[in-house]
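Asks: Spelled out, the chains give:
Number of protein chains: 2
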Amino acid sequence: MKKIFLSESEMPKQWYNLMADLPTPLEPPLDPSTNQPMAPEKLAVLFPHALLEQEMSSKRWIDIPEEILNIYNIWRPSPLVRADRLEKFLDTPAKIYFKNEGVSPAGSHKPNTAVAQVYYNAKEGIKKLTTETGAGQWGSSLCFAAQYFGIDVVVYMVKVSYEGKPYRRVMMETWGGKVIPSPSNLTESGRNILKKDPNSPGSLGIAISEAVEEALGSNGKAHYALGSVLNHVMIHQSIIGLEAQKQFEKIGDYPDIIVASAGGGSNFAGLAFPFAFDKISGKKPKTRLVAIEPSACPSLTEGKYEYDFGDTAGFTPLLKMYTLGHDFVPPSIHSGGLRYHGMSPIVSNLYNDKLIEATSVSQTDVFKAAIDFARTEGLIAAPESAHSIAGAIREALKCKQTGEAKTILFNLSGHGFLDLGSYQSYLEGKLKD
Amino acid sequence: MKKIFLSESEMPKQWYNLMADLPTPLEPPLDPSTNQPMAPEKLAVLFPHALLEQEMSSKRWIDIPEEILNIYNIWRPSPLVRADRLEKFLDTPAKIYFKNEGVSPAGSHKPNTAVAQVYYNAKEGIKKLTTETGAGQWGSSLCFAAQYFGIDVVVYMVKVSYEGKPYRRVMMETWGGKVIPSPSNLTESGRNILKKDPNSPGSLGIAISEAVEEALGSNGKAHYALGSVLNHVMIHQSIIGLEAQKQFEKIGDYPDIIVASAGGGSNFAGLAFPFAFDKISGKKPKTRLVAIEPSACPSLTEGKYEYDFGDTAGFTPLLKMYTLGHDFVPPSIHSGGLRYHGMSPIVSNLYNDKLIEATSVSQTDVFKAAIDFARTEGLIAAPESAHSIAGAIREALKCKQTGEAKTILFNLSGHGFLDLGSYQSYLEGKLKD
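In order, the protein sequences belong to chains D and Z.
Each residue of the first sequence is one higher than the one before, starting from 1 at the first, in the numbering used here.
Each residue of the second sequence is one higher than the one before, starting from 1 at the first, in the numbering used here.
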């Protein structure tokens with residue numbers, strides 16, 4: 001069997017919340033004006049109460065509302081796929097599986113949380129959401145989801161992506177969204193950046209500042225939505241790993257190594273956290289959970305574990321996380337979705353506790369892996385997801401050396417149909433590390 | 001249930017060949033030099049024997065080789081999806097289903113025949129295939145398939161698409177293909193066209209001439225592959241309709257109306273022919289089979305039923321088909337895959353026998369339907385496939401008027417992630433009919 005499917009009725013009905021099981025409790029977000037734990041009320045200008053409740057929740061299982069399941073079933077459960085042709089190509093004794101999140105209408109795992117966030121905002125009467133997007137995966141996911149609940153979306157898109165990925169913008173507009181290149185002159189934060197560098201390529205941090213600023217200035221009419229980093233996002237993404245667990249159960253296997261790329265952390269968390277539960281609880285203590293980051297933006301492997309802002313301008317609470325510094329502007333690598341200075345506090349917490357590993361890969365290694373994958377498994381992966389492929393290949397080649405027939409699972413978080421420009425750069429030898 | 005899946009083991013193991021059941025026998029292809037039926041040997045310079053045998057076959061069921069099933073299972077069986085949100089949006093009593101062929105790695109139904117053609121060529125020792133492509137769907141499918149059998153592919157891509165859809169070209173190159181804008185100065189046929197019009201946007205007919213010319217001049221080293229029109233292509237595509245029949249059986253329903261866009265005819269044939277068998281055999285005589293073509297290139301609805309060349313330069317045999325004339329150069333509409341002057345001889349035969357219907361839709365109606373579909377069902381359709389959506393919506397709105405709860409099935413032959421440029425033109429109001 002090449003693909004392991006679940007029926008819609010087998011789709012998990014609850015999300016998993018790893019906060020219930022963290023060996024070291026999460027340190028709270030701090031109010032930058034007082035350096036004291038942030039009062040939830042202060043965040044209520046940006047987020048609906050239901051999401052703030054999830055953000056602080058220590059409940060292990062959280063019911064997925066029917067309305068969300070109804071949208072999920074447009075594309076979920078997503079298939080678990082055996083990469084048997086890649087195995088043969090690598091001549092490895094390892095078994096390689098991937099969860100294909102690229103089958104969603106927006107083409108990535110991001111709608112898992114977009115649908116949830118839109119739902120809870122709509123339920124509390126919000127009619128407009130602001131957000132940022134790097135590669136466009138998150139922005140398009142939010143626009144896709146918002147149309148089902150009558151919410152307008154304004155997306156600040158990192159300028160280098162806005163210019164390099166026009167199709168992503170059109171996709172957002174097709175679903176009714178409004179897209180603004182960031183830094184823009186529509187916000188104070190954008191204008192400040194442009195004053196210093198009129199040719200700024202932008203960054204996720206800057207775009208977050210702009211989106212937050214617009215929501216803050218809306219007198220409660222607009223909320224803000226974040227596609228990664230925050231705890232509630234990790235909760236929503238857990239459906240990926242929960243499905244994978246059911247799928248492995250069907251074939252009587254269990255992954256020894258789980259590999260996923262990590263930008264803000266939601267793609268890694270989505271796949272790995274349900275397995276982290278098995279690991280922490282002692283059910284599967286030896287499973288390795290490996291986060292892969294770009295060597296050009298290595299927050300886990302080279303950042304510091306300290307309180308930092310989530311954005312560039314300093315509007316957000318301070319989060320305890322691995323960070324390269326909130327004013328870090330990464331080079332314009334093609335994996336826009338991984339150009340973030342920080343890392344999800346929960347992922348950071350696990351890394352600091354040595355419950356997960358992290359490693360980085362160079363851009364050319366990533367595209368080499370993407371081409372090998374396309375020429376064996378047939379699928380064109382997003383550059384972000386190709387980090388996972390590169391990581392999985394690295395593990396599979398270790399197995400070849402040791403002769404161990406390990407089971408490797410990676411997250412194919414999205415397809416690369418809208419990233420073929422970067423494939424072109426690689427194929428033409430123009431891509432630098 | 002939103003999506004009806006089949007397991008890999010439920011995938012049909014035989015293709016259906018409608019030639020076995022045509023009420024009026026198909027008229028043979030003619031040799032243009034003699035006006036006599038073409039001797040199969042003469043075609044053997046272009047096609048492998050196994051495909052020529054299928055081309056002339058009157059066997060109703062043809063076994064699908066294991067090697068082909070093994071590649072099909074990368075993405076097949078494809079889901080049958082209930083478009084319940086579109087139904088609600090249209091406020092129609094009709095039930096609307098679509099077969100989603102966009103889930104293939106190349107993003108369309110074309111790999112169904114690409115894999116088969118490559119397999120049979122490889123089995124007979126061929127190492128190189130030449131072909132043409134319009135929108136790029138066929139070319140990319142052939143490149144995708146060829147990599148599994150060690151075959152090199154040279155694709156002549158209609159110049160207007162080559163320039164307007166650079167990502168499609170990169171996709172072909174990602175899978176190892178070589179892409180040449182057509183008309184090119186590499187062939188006599190290309191040079192002749194460029195002499196008359198150096199700015200020729202190209203057409204499928206011209207690109208076919210170039211690809212055939214290269215194969216003919218290869219001294220038997222290269223064969224040629226065609227993505228539509230020919231009988232063997234229709235046979236391979238029958239897997240779409242055969243799967244759909246099994247899927248409808250699972251939910252205890254049967255389509256009253258089947259709608260699919262028609263360029264060369266393979267998309268329509270793939271979905272409709274197994275149902276045409278039910279209709280001709282009297283099992284379901286009232287099912288309507290409706291081909292949708294662009295009003296800018298209306299071969300069935302405005303062409304003549306006569307012998308014509310399949311290409312522009314006159315290299316191919318003469319085929320009895322509905323045609324706008326082999327020198328017809330359609331306007332540069334966005335549905336590159338539907339810009340073909342002729343129509344599959346079998347589809348033409350059925351139309352002439354009034355067993356199927358045909359109707360045309362304008363480009364703006366097509367994109368309006370695509371947007372309505374994206375904003376209800378979430379999926380971004382290829383412009384070619386959006387013709388089917390427009391046709392299905394037209395039928396659903398008729399049901400709204402009559403109050404009939406008919407079951408409509410259409411073919412979503414491909415996704416539109418690489419066609420967002422044309423969505424942009426539509427959204428910006430720049431698209432003309």
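If you're looking for bench data, these hints aren't it; they were derived computationally from the structure.
Among these hints, one or two may not hold up.
Just so you know, same-sequence chains aren't split out, so a pair can sit in one copy or run between any two.
[Said to hold, decoys possible] Mimicking SDA-like on lysine to any residue, the simulated pairs with C-alpha atoms at most 20 angstroms apart in a straight line are: (1) 178 with 429; (2) 430 with 173; (3) 59 with 199; (4) 400 with 194; (5) 400 with 89; (6) 178 with 375.
Note that this is a predicted model, so its numbers are computed, not measured.
Asks: Give a verdict on every hint.
Replies: These are the hints, each one checked on the structure:
{"no.": "1", "hint": "178 with 429", "in the structure": "between (35 angstroms within a copy, 16 angstroms between copies)"}
{"no.": "2", "hint": "430 with 173", "in the structure": "between (31 angstroms within a copy, 15 angstroms between copies)"}
{"no.": "3", "hint": "59 with 199", "in the structure": "neither (46 angstroms within a copy, 66 angstroms between copies)"}
{"no.": "4", "hint": "400 with 194", "in the structure": "neither (51 angstroms within a copy, 54 angstroms between copies)"}
{"no.": "5", "hint": "400 with 89", "in the structure": "within (12 angstroms within a copy, 54 angstroms between copies)"}
{"no.": "6", "hint": "178 with 375", "in the structure": "between (36 angstroms within a copy, 15 angstroms between copies)"}
Checked against the numbered hints above, the structure breaks hints 3, 4 and satisfies the rest.
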